[in-house]
Amino acid sequence: MENYAIEMLNITKRFPGIVANDDITLQVKYGEIHALLGENGAGKSTLMSVLFGLYKPEEGRILLDGKEVKITSPRKANELGIGMVHQHFMQIKNFTVLENIILGVETTKNGVLQMQEARQKVVELSERYGLKVDPDALVRDITVGQQQRVEILKMLYRDCKILIFDEPTAVLTPQEIEELMGIMRNLKNEGKAIIFITHKLDEIKAVSDKCTVLRLGKCIGTVNTADATTHQMAEMMVGREVNFHVDKAPQKLGEPVLSLKNIYLKSEVADKYVLNNISFDVHSGEILCIAGVEGNGQSEIVKVISGLMQQESGTIILNGKDISNESRRQRIIDGLSYVPEDRHKHGVILDSTLEENLALKKYFLPEYQNKGIINFKSRRELADKLISEFDIRSSEGRETITRSMSGGNQQKAIVAREIDAKHDVLVAIQPTRGLDVGAIEGIHANLVAQRDEGKAVLLVSFDLEEVMGVSDRIIVFYEGEVVANVRPEDVTINELGLYMSGSKKGENLC
Amino acid sequence: MKKLLSLLMALLMVFALVGCSGGNGGEGEPQSDVIQAEIVLVTDAKSVDDKGFNQYSWEGVVQYANETGVSTNYYMPTEQTTEQYLAQIATAVKGGAKIIVCPGYLFGDAVSEAQFTYPDVKFICIDFTPNDVQSNALGVLFEEEESGFLAGYAAVKEGFRSLGFDGALAVPAVKNFGYGYLAGADYAAKELGLAKGDVTVKYSYTGEFAEKPEFVTADQAWYTDGVEVIFGCGSPRNAFEAADKFNATSDHVAWAIGVDTNCADQSEYVITSAMKNLSPVVYALIKEVYAGTFEGGTSKYYNIKDGASALPMESSKFENFTQADYEAIVNKLTSDEAFRTSLPTGYSNGEANDYVNCADFAPTLEIVTVDIVKDS
Amino acid sequence: MLKKLLMSKRDYSGVLSSLIAIVIGLLVGFIAMIAVKPSSALAGLRMLVTGGFFNGLTTFGSVFFYATPIILCGMGDAFAFKASIFNIGGPGQMHIGALVAVYVTCRIGLGAPWSTIVGLLCGALAGALWALIPALLNAYKRVNIIITTIMMNYIGMYLAVDLLKKSSIFDSTKNQSINVPRDLRVARLGLDKIFVGSAIDCGFFVALIIAIILWFILEKTTFGYEIKAVGKNRDASDYAGIDARRTIVLSVLISGALIGLGGGFMYLGWAGKYLLGSNTQLSEGFTGIAVTMLANNNPIACVFSGFFLAYLTQSGSYMQAVGFAPEIVKVISSVVVYCSALSRLVSEYLRKRKLDYIAAEKKGDAIR
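Protein chains in written order, with this note's numbering: chain A, 1 to 510; chain B, 1 to 376; chain C, 1 to 368.
Any given hint might turn out to be false.
Unchecked claim - Calculated lysine-lysine pairs in the DSS-like style (CA-CA distance at most 27 Å, straight line): (1) C:Lys166 - B:Lys202; (2) A:Lys345 - C:Lys166; (3) A:Lys70 - C:Lys352; (4) A:Lys345 - A:Lys248.
As the list claims (entries may be wrong) - Covered stretches of chain C, as calculated for chain B (at least 3 residues, CB under 8 Å): (5) 54 to 63; (6) 201 to 212; (7) 266 to 279.
Derived from the structure by calculation, the hints contain no laboratory data. For glycine and all other residues, C-beta sits at the position ideal for the given N, C-alpha and C.
Modelling step: build the complete structure from the supplied sequences, incorporating the hints.
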């Protein structure tokens, strides 16, 4: 009998229409980093929500230090020493780091805050685990990586012994990821039990001791990370062999299709430019990648191109036509397709049917309406065509309410709609965010096919693997400026990291 | 789930049953459920405790019922529409009503029709007369200018020189009160031998029968400007509240005059009330119906000689205006018919002493100057 | 049976949830009656259910009259709500619409029926214009439309009362608008021969036709598609090239027009209802919100729910006849209305049941 810190035994959790966790067992020891691997919808989040007291499982037991516990709420989980670093930080931006850390567990004496004591403890913890962060800085002023450390400190401050990291590397630069790995190792050496949720196989390989793989709500198995190759783990996750390499035919570079010239955009909140004299061209038959850490002007440039934001100055030329001041609808008609960053906010209308969503870019064309009255027949045909062409899976076909579909299939629907619309330029921002390996493969193949058909593709990605694998050319954004213009074969990931963090500036910046 | 469903089904069946049994009564048969009442008051959509004519009419009904044990009831229409008034009158008739009291001019169209529909029912119409009035209906009108006159007269005799009139809405009854008030003040000023301009009256209408903070504030502003007494006519509680608030911080006492009934219990600063004795009139008319002496088919004016206009001297807080003074002026009004009928009115019927706007009437005053803040 | 209804091909959950909500409302009302006056509770409940026929077809006919404005107002609210706009400005838009409708009808002098038709259309236009200001503020500046429409209610009321008093259609001795000449009132098309003595006119049927038109717009046209898209996700619609601002402004304009039209029908009818010279908000404008809530924002269902609420108000008023004090009657009928308007909660519940049934059927195999 081994001494496990936490054991989740034979957990089964059903939701209407789906068994999210089917007889799953997860056992983690102190001083161990245990990776939880699985595609989206495999049941990782559900399992962790059960552990964190958000869901009550129908079957199964949870043992803490060998004793059965009932976790009924996140508060209870915290009391038991279970803490979670969420993907989206739960912090108050206008509070200091220290204030955020002690929020909810303030030490008081006669109703007066005892900040000094708290500060001491925080400083002590951050030194012990190498979590460098200024306790008096306002959270809004520190970097994303530092905010993540604040989250970790929050858990340590609450004396958590079991730490859950929910896809912690998604928002970090390569250098920051390195640092995080170091911190995780420190935590492990101090005897904490760590559950590490991620998609990224190399990270698992680098830092974890064991890896439990989930697929379709079922537990596929637990392996010692040292004994398994990334390929093996990927296969366990997807259920078939995976092709990491993006197959690309030689490039047939054409004329510039989309040209941006001297784009400036002022920030809405601060007195600075979020887009500072941006110029670049996207050619037909090319995938141009914009790399960079999130929040350096990538979203804004895409919004300016699509017309959701109006630039202060500068021109946008599409197919030789100046579209700088055109309406969004006109830009779409002129040949711009756009896979937005936030799927749920901009991509789909969650409470509409799949059919209605697939028609969003075409419903006004004469084929789909007559004097304002919808032609339901051709709309249905369009939906069925896209569903079968792009293999969009759902429970009720075109009549499925989009909200009930998995993220990957929602994204497939968006990509299908955008590729189907008549276009010359396809702009995609973070099209594979949060998707599983299988879906990512599919989307990459779509992008490459577009390029091969002679379309111009502009891809914004924060995932350097993707940037390196898919692109024909890379430009790097830093603080609203283009700081590098390189070809993937001429650059290493580390070099890109330096560009992204602003510590290096390239030449030949279009 | 099944339980919930069967519960729902059971309920539906109960409703269905209830509905059917209601229909079994059939047409013509009296509906047993309906409360039987011989005397019914249908309100003008306000309640019977509105401190207005609904309440005072109701008090008359209740007084008679208490004495004789006759059954009574009241109905409150959901809306101020002729349709609703007729509907509630119909309900009353279903309950066996013999007398229906309808307070307020809003009933005009409804009673004009109902008097034909229900010829056996007597309609007592307060403050209005139906069109083509039939023998089973009586328009009960009051000469409010008389009690207004008494109030204005008493105020100036008491020694007040700066007066106020806060009328709610410029309907004939309120105008009658207001013009009478001005005329009374003028008459007293003449008796006292005051010079032109010695007495001033601020005169205004708020525009609705309602108690609202802004109306209270307006009255308070008058007190601050030096107005010594305000006649709150229509919605007097605005003036009462203003007086309470003003006097809480003031070095001199400001007064208010109530209306319709004795308002002495509503504020300690009510110096007197210009009473329009509705309840006794309603009571008397009901009595007439039962005695068989009811004479409808006309309008009847109730005045000081019927005891309809008065000041409640026993509860008034005058220091200088005595009971003897009061009796003298009442005597003047009851004995000098020409004088009494010459008092100004606001019916808009074009008679010589009838004025549409206060601005038409004010210049006829000899001593009092009127500061018209808002006219009808 | 519930399962059968929920799992059938056509979706009955909307109708079902409204019906269940109504039954719950009546049940709660019944409990209230038992609490107040146990001896008359059954009679009270009977009156609440059958009171709409208390004076036979006279009462029933008048229900049509009282239903018309709240149906139109409910449909107006529902239409705006499809674009995710909560138009609470019913009272103000109705007041302005009613004033303009009555004034134009009485003064334009085209004779019957054109004066009335033009008057009603002008009332609708006025209601739309009154809704335009909050609509523009919301669409272009994202100002919270709940707040602006509530403010516009007050402004509308004061303005309408003030204009009424200055206009030639004001009867100062009665402090209300003049009698609309009989030939200029809304046509009754012989309905008064069936519903003798009631206030019925053709307004209800106009509302019914409008409901069908609205349903057609929402379900069958690209404009309706745009409205629903903007309502469900303004950002995604914007990105897809739909002019969300224009869509929002148009939907609110239509909403205001319907509400203004409702005001016109209310004061150009035969019930002897007058625009008052006192500052009172038109409560029908708020009742419209209850109508649309009970109808789950479906314009056709608004006709039924509006009729139901009008019926309830009428039958409720006759509960006085069985011995409930009118104040208590108001409490009880409000309780019924509020419970009924909670059909959203019921539909939430039904949706969950439905998912459970689906889950039970597909036991074990997950949907991906």
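Is the straight-line distance between the alpha-carbon of A:Lys345 and that of C:Lys166 27 Å or less?
violated (51 Å)
Check whether the Cα positions of C:Lys166 and B:Lys202 lie no farther apart than 27 Å.
holds (23 Å)
Count the residues of the segment 201 to 212 of chain C with a beta-carbon closer than 8 Å to any beta-carbon of chain B: does the count reach three?
violated (count 0)
Straight-line Cα separation of A:Lys345 and A:Lys248 no greater than 27 Å?
This hinted pair is violated, its Cα atoms lying about 32 Å apart.
Do three or more residues from the segment 266 to 279 of chain C put their C-beta atoms closer than 8 Å to C-beta atoms of chain B?
holds (count 9)
According to a criterion of three or more residues whose C-beta lies within less than 8 Å of a C-beta of chain B, is the segment 54 to 63 of chain C covered?
Per the Cβ count (6), the hint holds.
CA of A:Lys70 to CA of C:Lys352, is that 27 Å or under?
Given that 27 Å is the threshold and the Cα spacing comes to 26 Å, the pair holds.
Of the numbered hints stated above, those contradicted by the structure are hints 2, 4 and 6, listed in ascending order.
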